[in-house]
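Q: Sequences listed follow chains A and B, in order.
Under the working numbering, the first residue of the first sequence carries the number 1, and numbering increases by one thereafter.
Under the working numbering, the first residue of the second sequence carries the number 1, and numbering increases by one thereafter.
No lab work stands behind these hints: they were computed from the structure.
All C-beta atoms, glycine included, are put in the ideal place defined by N, C-alpha and C.
Among the hints, a few may not be true.
Some residues of chain B that are not near chain A, with every Cβ distance over 12 Å (derived) [what the hints assert, rightly or not]:
(1) E24
(2) D28
(3) H29
(4) S32
(5) S34
(6) L35
(7) W126
(8) K129
(9) V130
(10) L141
(11) A143
Reference excerpt, derived from the structure (chain A facing chain B, CB under 10 Å, subset only) [unchecked claim]:
(12) N39
(13) Y63
(14) Y128
(15) E183
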Amino acid sequence: MKEEKGFRDPDVELMLRFQKGDVSAFEELLRKYQKPLVNFVYRFLHSREEAEEIAQEIFLRVYASAGSYRPEAKFSTWIYRIATNLCLNEIRKTKGVVLDSLETGGIDDEAMSLPDKSVPSPQELTEYSQLVEMIKKAIDRLPPRQRLAVILNKYQGLSYREIAEVMECSEGAVKSYLHRAKENLLKLCGELLK
Amino acid sequence: MDCKDVRRELTAFIDGCLAPRDIEQIADHLSSCSLCRAAYELEKKLWSSLSLWADVEPSEDFEEKFWRRIKAESEQWPQQEFLLPISSSTDIAGPTAGALSQQETAGRFGISGFLASLLMVLTAGWKRKVSLAVIILLVFLAAAYYQHVRSQHPGVTALRSGDVVAHGGTAMVSLPDGRKVVLSETDKEVVSIIDFLERYNMFKEMDAVNNLEVLTVNHRELEKVADEMGWR
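Build the full structure now, drawing on both the sequences and the hints.
A: Here's what the structure looks like:
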C-alpha cells in the first residue's frame with residue numbers, strides 16, 4: 001500500500017497517534033481487534049487458551065513495534081500478518097508441521113478415513129451440531145496454508161488481494177489455496193451437505 | 001470453457017473474484033451443464049455452512065491481562081519508556097505508568113538536553129562547572145565511541161532505517177524460554193545484537209518481513225545467542 005493510501009486507513013491513523021504517545025489510540029485498536037484476532041487464532045489452532053495467549057502476544061508485538069512502525073500496508077493486513085506468522089510458528093513448534101506447497105496441499109485419504117473418537121457419533125448429535133462439528137474438524141484437517149486462506153477469507157472477510165499480502169504470496173496462489181481447500185472440505189463433509 | 005475449467009474457477013466465481021468476461025462464460029456454462037450446476041450448488045452450500053461455526057468471545061479480562069503484561073515488562077526493563085493508560089479501571093497504572101510522549105522522551109536527550117546541560121555549566125559555581133563539564137565530555141566521548149562501533153557494522157543502516165531498532169524506537173524479542181528482551185537504540189546491548197544479526201545474515205530477511213517475526217522464526221539462532229550473552 002502506498003503511503004498516501006495508508007494514511008486514509010483509520011486504524012493506521014490510530015497506530016500513528018499511538019506512535020506519538022497517545023495511549024488511548026492503542027486502547028481503541030486493542031478493543032477493535034481483540035475479538036477478530038482471538039477468533040482467527042482459535043479457528044486456526046483450535047484452542048481457546050492458546051487463542052487468548054497468542055492474541056495477547058500479537059498486541060504485545062504491535063505495542064513494541066510502535067517506535068519503528070511505518071504505514072506501508074493496511075493496519076489489518078499488517079496485524080494479520082503478525083498473527084499468521086505466530087500461528088504458523090506455533091504449529092511448527094508443537095506439531096512439527098511442514099507447510100504445504102501448492103502441489104502437495106491435499107489431505108491424504110488415509111488420514112480422512114481414520115475414525116476420530118473425539119467426534120461424537122451421529123446418534124449423539126442432531127444434524128445441525130453434527131455438521132458444525134464436522135466443519136470444525138474438516139477445517140482443522142486442512143493443510144496450514146489452505147486453512148489460513150479459508151479463515152482469512154470466510155471468517156475475517158479479507159479479499160484475495162489482502163490475503164495475498166498477509167500470506168506473502170500471489171493472488172493466484174490464494175485462489176488456488178481456496179479452491180483446493182474447498183475440494184478437501186467437500187471430501188470431508190460433502191456427504192452431510194447433500 | 002469446459003467443465004474442468006469451470007470447476008477450477010468455481011470458488012473464485014462464488015467469491016465474485018473473476019473478470020466480467022469469465023463470470024459471463026461460467027454463468028453460461030452453468031445454465032447448460034447440470035453436473036457443474038450441482039457442483040456449484042454444493043460448493044455454495046459448503047461455503048455458507050461454514051458460517052455455522054460461530055465466533056467466540058474473548059475473556060472479559062483480556063485487556064486487563066494485556067496491560068498487566070505491559071506493566072510487568074516496564075518493571076523488568078525500567079530503563080525503557082513504556083506507555084500505559086493514564087488511568088484505568090483495571091488499576092494497572094502504577095508509579096511508573098503514564099502517557100509519555102516521544103517528544104518528551106526525545107527532549108531528555110539530544111540537542112535540548114545538551115543546551116540544558118550547557119546552561120547549567122554556565123550558571124553553576126566553578127567546582128560544579130568542572131564536574132559537569134567532565135560529565136558532558138564523557139557523554140560525548142561515549143556517543144562518539146558508539147557511533148564509531150556502529151560505523152564498523154554496515155548492517156546498522158538497516159537498523160536505522162526503522163526496521164528493527166528504529167531511531168528512538170524499541171523492539172521486543174521473544175526468547176525461546178518465553179522471556180522477552182526489549183531492545184532500543186540506546187541499549188548497550190545493541191552492538192551485540194547487531195553482531196548477532198550480521199553473523200546470521202538476517203538483514204536481508206528483515207527488509208522483507210516484519211523484523212520481529214524474523215527474530216522469532218530464527219529462534220534457534222536466537223537461542224544460541226541468548227546462551228552466548230547469558231540472557232537465560
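Q: A separate judgement is required for each hint: does it hold in the structure or not?
A: How the hints compare with the structure:
1. Listed as a non-interface residue, E24 of chain B keeps its Cβ farther than 12 Å from every Cβ of chain A; the least gap is roughly 18 Å.
2. Chain A leaves D28 of chain B outside its interface by the beta-carbon criterion, the shortest separation being 20 Å against a cut-off of 12 Å.
3. For H29 of chain B, the requirement that its beta carbon stay farther than 12 Å from each beta carbon of chain A is met, with the minimum near 17 Å.
4. Annotated as non-interface, S32 of chain B keeps its C-beta farther than 12 Å from every C-beta of chain A; the closest such distance is 22 Å.
5. At roughly 15 Å from the closest C-beta of chain A, the C-beta of S34 of chain B stays outside 12 Å, upholding its exclusion from the interface.
6. Every beta carbon of chain A lies more than 12 Å from that of L35 of chain B, the smallest distance being close to 14 Å; the non-interface claim holds.
7. Listed as a non-interface residue, W126 of chain B keeps its Cβ farther than 12 Å from every Cβ of chain A; the least gap is roughly 40 Å.
8. For K129 of chain B, the shortest C-beta to C-beta distance to chain A comes to about 35 Å, beyond the 12 Å cut-off, and the non-interface label holds.
9. V130 of chain B, annotated as away from the interface, keeps every beta carbon of chain A farther than 12 Å; the closest lies near 37 Å.
10. Every C-beta of chain A lies more than 12 Å from that of L141 of chain B, the closest at about 27 Å, which supports listing it as non-interface.
11. With a closest Cβ-Cβ approach of about 20 Å to chain A, A143 of chain B is found to remain outside the 12 Å limit, as its non-interface label requires.
12. The closest approach between the C-beta of N39 of chain A and any C-beta of chain B is roughly 5 Å, which is under the 10 Å cut-off, so the hint is satisfied.
13. The interface hint given for Y63 of chain A is met, as the beta carbon of that residue sits about 7 Å from the closest beta carbon of chain B, less than 10 Å.
14. Taken as an interface hint, Y128 of chain A checks out: its beta carbon lies about 7 Å from the nearest beta carbon of chain B, inside 10 Å.
15. This hint holds: E183 of chain A has a C-beta 9 Å from the nearest C-beta of chain B, less than the 10 Å allowed.
No hint from the list above goes unmet by this structure.
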